[in-house]
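S.K.: Here's the letter readout for the chains.
There are 2 protein chains.
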Amino acid sequence: MSKATSPDPHARGPSGHEVRDQIVDAATEYFGRYGYDKTTVSDLAKAIGFSKAYIYKFFDSKQAIGEVICANRLNMITVALDAAVADAHSAPERLRRIFKALVEAGSQLFFQDSKLYDIARTSASESWPSARAYEAHVKDLILKIVREGREAGDFERKTPLDETVDAIYLVLRPYLNPLLLQHNLDNAEQATIQLSGLILRSLAP
Amino acid sequence: MSKATSPDPHARGPSGHEVRDQIVDAATEYFGRYGYDKTTVSDLAKAIGFSKAYIYKFFDSKQAIGEVICANRLNMITVALDAAVADAHSAPERLRRIFKALVEAGSQLFFQDSKLYDIARTSASESWPSARAYEAHVKDLILKIVREGREAGDFERKTPLDETVDAIYLVLRPYLNPLLLQHNLDNAEQATIQLSGLILRSLAP
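Protein sequences, first through last, are from chains A and B. Letter 116 of the first sequence, counting from 1, is numbered 116 in the numbering used here, and no numbers are missing. Letter 142 of the second sequence, counting from 1, is numbered 142 in the numbering used here, and no numbers are missing.
The shape of chain A in the complex, shown without the other chains (with noise of 0.2 Å):
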């Protein structure tokens, strides 16, 4: 018995992954020419030319086709945060890169990819995992370079960790959560090195 020509029906086909893969390619070129909000599925399945059941098949919904391309997208973002981070050589230096960072990947969505930033918002706004896993993942960069400045004597002592933590990454989501970065975006860079500056001095031992 042949698996391509008569495949696991829970295993949904042999190459499942290549046909999710497929319509996650086509649908983000979709919706980034069409928008998200405004598309529904039929109108997907009938620009790749799958049936709308077909699409069914791999994924439940129109959102969870959008999670993955959000979470694509945000580890896109992730990657490049990670690195603009790894490349400065003290914890001071990585909070101010990590807030560029942030700003330049949020910009470039928001120019470039307009319709894509559709699903930005949505994810934000409806909390999306892929959106809040990106949230902690800031965090937690926020949290090691925090312990790190610490050890190294940069960053005082005296506040609770999670209170340091907290209140930096509060100045940051105005340039991370999508919802307020599009009203954010004038004067953005200006901004953030001004709040760089004030963050670092509430650190000073």
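Simulated from the structure, these hints should not be mistaken for lab results. Don't take each hint at face value.
Which copy? The list can't say, so a pair holds if one copy fits it or any two copies do.
Below, simulated DMTMM-like cross-link-like pairs (lysine to aspartate or glutamate); rule was C-alpha separation at most 25 Å, straight line [said to hold, decoys possible]:
#1 Lys158 to Glu189
#2 Lys57 to Glu18
#3 Lys115 to Asp166
#4 Lys115 to Glu163
Please arrange chain B on chain A, whose structure you already have, making use of the hints.
M.R.: Chain B only, in chain A's frame:
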């Protein structure tokens, strides 16, 4: 010749102020009920029982009416902020109070007068004079508080004054700009306590 029966057309009638106030009051109620964005001067005129032409004798546009409503509301918030600040006994305490009062005033507008929040949102996104004046007032309050704290020895004096003030304003901005505040209301009380703490640590001498 009686002024009451033949008013100077340039002064728009001797009771111009009263009529303006009457229109503004009615518009505040009308927009407060039906929203600002989706209603027209015609709708408003019909509801008040004035002709559209008569309203246009006093206001050039719907925005001109919205501007007055917005300015009135922002004046109320400004008075509340000034009172909260005046009531405190030191610069650090004044900073905490201004943050708290901002969130209280904004939350009240958002939750109790959500239709008028439309106007506030529009004023912020179109940068109306009333919105700019409000922002300038808050910035000026921060300047006065920082200056007072520096003179009293509560705050450090190394950082240039305008740099300190601009950065503090940027931390407050997500809680005073209506476009941002609407996405910051969950957990805003806790957030402003944490952010006040961070600001005060950044100001430590």
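S.K.: Tell me the numbers of any earlier hints that the structure contravenes, in ascending order.
M.R.: Checked against the structure, the hints that fail are numbers 3 and 4, while the rest are satisfied.
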